[in-house]
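Dock chain G with the ligands against chain U, hints included.
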Amino acid sequence: MTASGVIDRAGLDELIAALRNGGYTTIGPTIREGAIVYNEISGTSDLPVGWTDQQAPGGYRLEHLGDGRMFGYVVGPQSWKRFLYPQRNVIWSGVVTADGWETVTPPEPPTYAFIGVRGCELAAIAVQDRVFLAAGDRAADPSYAARREGAFIVAVNCADPGANCFCTSMGTGPVAGPGHDLVLTETVTDDGVVLLAESGSARGDALLASLAAMRPAEIADRERAAETMAAAQATVPHSMDTTDIHDLLLGNLEHPHWEAVAARCLGCANCTMVCPTCFCGTVTDELELDGGGARRVRSWDSCFTLEFSYIHGGSIRQAGSARYRQWLTHKLASWFDQFGTSGCVGCGRCITWCPVGIDLTAEVAAIRASDLRPAVPVAADGTEVNL
Amino acid sequence: MAVQSPLTRKPTLAVFKFASCDGCQLSLLDAEDELLAVAEVVDIANFLEASREVRPGPYDVTLVEGSITTPHDAARIRRVREESKFLVTIGACATAGGIQALRNWKDVNEFTAFVYANSEYIETLDRSTPVSFHVPVDFELRGCPISKTQLLEVVTAFLQGRRPNIPTYSVCVECKHRGTTCVMVAHGTPCLGPVTQAGCGAICPAYNRGCYGCFGPMEEPNTAALSAWWKSLGVDDRGLVDAYRGFNAWAAAFREASDRHEAAITVRGASA
Ligand code: SF4
Ligand code: SF4
Ligand code: SF4
Ligand code: SF4
Chain U
1 MTASGVIDRA GLDELIAALR NGGYTTIGPT IREGAIVYNE ISGTSDLPVG
51 WTDQQAPGGY RLEHLGDGRM FGYVVGPQSW KRFLYPQRNV IWSGVVTADG
101 WETVTPPEPP TYAFIGVRGC ELAAIAVQDR VFLAAGDRAA DPSYAARREG
151 AFIVAVNCAD PGANCFCTSM GTGPVAGPGH DLVLTETVTD DGVVLLAESG
201 SARGDALLAS LAAMRPAEIA DRERAAETMA AAQATVPHSM DTTDIHDLLL
251 GNLEHPHWEA VAARCLGCAN CTMVCPTCFC GTVTDELELD GGGARRVRSW
301 DSCFTLEFSY IHGGSIRQAG SARYRQWLTH KLASWFDQFG TSGCVGCGRC
351 ITWCPVGIDL TAEVAAIRAS DLRPAVPVAA DGTEVNL
Chain G
388 MAVQSPLTRK PTLAVFKFAS CDGCQLSLLD AEDELLAVAE VVDIANFLEA
438 SREVRPGPYD VTLVEGSITT PHDAARIRRV REESKFLVTI GACATAGGIQ
488 ALRNWKDVNE FTAFVYANSE YIETLDRSTP VSFHVPVDFE LRGCPISKTQ
538 LLEVVTAFLQ GRRPNIPTYS VCVECKHRGT TCVMVAHGTP CLGPVTQAGC
588 GAICPAYNRG CYGCFGPMEE PNTAALSAWW KSLGVDDRGL VDAYRGFNAW
638 AAAFREASDR HEAAITVRGA SA
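Chains U and G are the protein sequences, given in the same order. The opening residue of the first sequence carries number 1 in the working numbering; numbering runs sequentially from there. The opening residue of the second sequence carries number 388 in the working numbering; numbering runs sequentially from there.
Just chain U, with the same shape it has in the complex (with noise of 0.2 Å):
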């Protein structure tokens, strides 16, 4: 039986410090400029204690409830990618030296404690490990890798989902799944706010057993926990009807709602950056002017911008219907192709954070209402027809 435990946020400083001594580097929610983005935390007073988010399409504002609750919100513009695949990172650079040249090693990451990890982010995270990480006869990325390895993954039970969440539509929450070593449960008691702690790896029960401040957990502690979760799971507000979706958008290719969503779509490029499972990067090659040394610099690039399809003689994708499509069709179909899998986990951002507020669980309602695919003909006992 894997380790648990309750405890309060006192407890949850000491686990906090205790990564630390161990030598992790912890990141978690914290405030800055009116959002909840991730960053490196000391202990429980960086994170956003007693806030919560109010998320529309094209709209983000901070609320103070004031509840004491250490995880009373979702998800906000950035994701884990931004440690584990950072936006801009050198993968090679090397010196002219004097009887030739020679490789730089680059520094060492850190190895990454990630607090607050949210089921969708779990996922999203599962998804770009199928990306950068050894499979069949792909190999490893090794920036990902050494990033990916050593992390230590605390993750949380969403009580209360956003309004763009529809983790249940693509079964990725409110509840985190595996690939955690730790997760948090928080709950309001009358003796205030507790956390109940269950352990998913060795390392978490290692971890839960050196806690001081932890007490065993209650019946009436994990009875709490889950009606709680099961609140929180009849209510996830946000949905997407899935069935068929993989056929349903590679057989509406020519559809013209492509055309109706490309006269709103910016082409800013947000929601790829928001993603937490968007992958593309550019490769650029930097010279220093006096030739002495060059970097090799991998940056985050989007479907959306006109160089990612270039290729001799111009872009492939030219009209914004194509290049809205190529997202749209890339996360929700061709991705099980690639992968194997979906490619949107349900987080939400790309809605919060698209600018002009384009929702793509909306996007899709549209194209299934005209679905343009020829009708299969079905006999009169329901069996479909082959011509």
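Hints in this document: simulated from the structure, not taken from any laboratory. For clarity, every value in this text was computed on a predicted model and none was experimentally measured. Honestly, I wouldn't trust all of these hints.
[Unchecked claim] Derived list of chain G stretches under chain U, where covered just means 3 residues or more per stretch with a C-beta under 8 Å from a C-beta of chain U:
1) 414-428
2) 549-560
3) 563-569
4) 573-586
5) 609-623
6) 636-646
[Claimed, not checked] Covered stretches of chain U (chain G as the covering partner; in silico rule of three or more C-beta atoms under 8 Å from a C-beta of chain G):
7) 26-39
8) 264-270
For every residue, glycine included, the Cβ atom is placed at its ideal position computed from N, Cα and C.
Frame of chain U; chain G with the ligands shown alone:
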């Protein structure tokens, strides 16, 4: 070991100024450390901000700052072009006409009569136009002012005989790279970032301001969609005209957007 330049001798570099504030040239001076490196690999033949020495052309690379606003300058830019193998315009003035292109919507004679005691001595064109309106340009570097990093990239790329790596996507991409929270989404502050070309590093949103469009229109600007959203944030047609008519007012996409909103004011004004 120096990189193999396409030339066998040190290439010559010249800087010329037209109607402008000198801010872009100052970006080059600002690049103190890098400027020394530049001076090692190029022969600076004309750069009045830095040295009084002026050597005659032809020049291998010429940086042109400023827009064309007088008949004299219209003739001078032709001579500069003739003397230059690779001509780069630097900044919003040279590339789009600059803030002084606001005159393009007015009668310039009214301004000169108002400003100068004897305006009959003022010989000026009725419009402020970008360099590319007069002569062919090899590369246009955006910004008000330009980014010194981008300027060094253009010079380095020229010396190394490759295409400069200057992205044409939106400011939003840089804003997200920087990790800045979107001011439009999180604060309701109107921002021109989605229709503006990257290059500044998304400075304004990092200081809780909306983007002012200093780097001009991005590759495929959808001004109509952005304007519609700004209206939902409470900005009217007058405000939109003012927003698009900034340092890059005369750049086609911003000019057209501002004209659309101005027409909307006129129509509503007429029907009122
Ligand atoms: S596509 Fe949108 S909702 Fe889906 S994972 Fe990406 S950002 Fe989240
Ligand atoms: S949606 Fe676009 S940016 Fe995202 S992974 Fe696919 S191609 Fe890349
Ligand atoms: S869908 Fe929204 S965020 Fe994505 S490119 Fe279009 S306007 Fe930008
Ligand atoms: S603040 Fe402006 S530039 Fe930054 S993402 Fe938002 S709209 Fe784009």
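Status of each hint after checking the structure:
Counting residues of the segment 414-428 of chain G whose beta carbon lies closer than 8 Å to any beta carbon of chain U gives 5, which meets the minimum of three for the stated coverage. Note: the segment 549-560 of chain G has 7 residues with beta-carbon separation from chain U under 8 Å; the three-residue rule is met and the coverage holds. Counting residues of the segment 563-569 of chain G whose C-beta lies closer than 8 Å to any C-beta of chain U gives 6; at least three are required, and the coverage claim holds. Counting residues of the segment 573-586 of chain G whose CB falls under 8 Å from any CB of chain U gives 7; the rule of at least 3 is met.
Residue count for the segment 609-623 of chain G with a Cβ under 8 Å from a Cβ of chain U: 6. That meets the three needed, and the coverage hint holds. Against chain U, the segment 636-646 of chain G contributes 0 residues with a C-beta closer than 8 Å to a partner C-beta. That does not satisfy the three-residue criterion, and the hint is violated. For the segment 26-39 of chain U, the assignment as covered by chain G holds, since 5 residues bring a beta-carbon within under 8 Å of that chain's beta-carbons and 3 suffice. Residue count for the segment 264-270 of chain U with a Cβ under 8 Å from a Cβ of chain G: 7. That meets the three needed, and the coverage hint holds.
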